[in-house]
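**Student:** Sequence:
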Amino acid sequence: MHLPSRAARLLAVAALPLVLAACGSSGASDSSGPSGSSGPSGSSGSGAGPAAAAGSAPKDPDAGLLTGARLKRALAPASAFPAGFAVDPDAARDSGDTFAPAASATAAGHDCARLDGTGWIEITGVAGASFAQNDYADRGATQDVAQEIDAYRGDGAAWVLAGLAEVAAACSGFQDADTHSKVTVTGRATPGLGDGAYTVTLTDDSWENGTTLVAARVGHHVVSVLSTAGHDNGAATARALAERLVGSVRGAL
1 MHLPSRAARL
11 LAVAALPLVL
21 AACGSSGASD
31 SSGPSGSSGP
41 SGSSGSGAGP
51 AAAAGSAPKD
61 PDAGLLTGAR
71 LKRALAPASA
81 FPAGFAVDPD
91 AARDSGDTFA
101 PAASATAAGH
111 DCARLDGTGW
121 IEITGVAGAS
131 FAQNDYADRG
141 ATQDVAQEID
151 AYRGDGAAWV
161 LAGLAEVAAA
171 CSGFQDADTH
181 SKVTVTGRAT
191 PGLGDGAYTV
201 TLTDDSWENG
211 TTLVAARVGH
221 HVVSVLSTAG
231 HDNGAATARA
241 LAERLVGSVR
251 GAL
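Sequential numbering of the sequence shown, starting at 1, is according to the working numbering.
Calculated directly from the structure, the hints in this document are not laboratory data. Just so you know, these numbers come straight off a predicted model, no measurement behind them. Just so it is clear, CB atoms sit at the ideal spot from N, CA and C, and this is done for glycine as well. Among the clues, some could well be false.
Simulated restraints on C-beta separations [stated by the list, open to error]: (1) 58 <-> 78: 38 to 46 Å; (2) 252 <-> 101: 19 to 27 Å; (3) 195 <-> 89: 31 to 39 Å; (4) 240 <-> 140: 15 to 23 Å; (5) 87 <-> 247: 15 to 23 Å; (6) 78 <-> 251: 12 to 20 Å; (7) 97 <-> 172: 35 to 43 Å; (8) 59 <-> 188: 33 to 41 Å; (9) 87 <-> 252: 16 to 24 Å.
Generate the whole structure from the sequences, applying the supplied hints.
**Tutor:** The following block contains the structure:
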């Protein structure tokens, strides 16, 4: 089976906590999309109306978002993973009780190899406000199932899904850092999951099994899953876990 390299996984896991180290609730949100455009189709951007001009109190950009501590409780428990899988304590992270400052999207120039590791959702370049994640592997460290939930301000969650289609097109193939073989990337919109979902499949002739990545939106939140478990490129396990996380987030809101 194929397991993303530990170095790649730890780098991906470490990236967002470093950004959130100086967390604090922000009074503004960024509506830039994956390529710096003004917002998803139908969005009117941040245009201030008469009420704002009259000096009414600004809307809290973090209203309705779950903190990292609450997202951590929404993650699936050990019983949701295949028999023999155990959590990797080094890969368990969350943003705690505070929200990250607002930041602009940074999706120009995708590092496609980041798809092959936990924290892969960050490849869209959309900045989150809070997150929680962990990673389960089998005893032989040959199969991996990772889960993450992120909260986004404004149209950020919708932009994550829109950005994944862009990523899949830009990253049709990349070189595996361990085997130096070509990884093929395919993506597709996935109906019937959350408020919209997208699935990415990674395959490589040198791997015994591929990798399935699933992202699903629940309002302003996105659940994301990576799976190499089973004999179907991790597809069944990824879908089942994503469905569970969607229900968990809905129950927490």
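**Student:** Against each hint, give a clear statement of whether it holds in the structure.
**Tutor:** Now the hints, each set against the structure:
Checked against the given bound of 38 to 46 Å, the beta carbons of residue 58 and residue 78, roughly 42 Å apart, stay inside it. With their beta carbons about 23 Å apart, residue 252 and residue 101 fall inside the hinted range of 19 to 27 Å. Take residue 195 and residue 89: their Cβ atoms lie about 32 Å apart, and the range 31 to 39 Å holds. The hinted range of 15 to 23 Å is satisfied by residue 240 and residue 140, whose Cβ atoms lie roughly 22 Å apart.
With their beta carbons about 20 Å apart, residue 87 and residue 247 fall inside the hinted range of 15 to 23 Å. A hinted range of 12 to 20 Å for the beta carbons of residue 78 and residue 251 is consistent with their spacing of about 19 Å. Checked against the hint of 35 to 43 Å, the pair residue 97 and residue 172 passes, with Cβ atoms roughly 40 Å apart. Taking the beta carbon of each, residue 59 and residue 188 are about 35 Å apart, inside 33 to 41 Å as hinted.
Judged by the Cβ atoms, the range 16 to 24 Å given for residue 87 and residue 252 holds: they are separated by roughly 20 Å.
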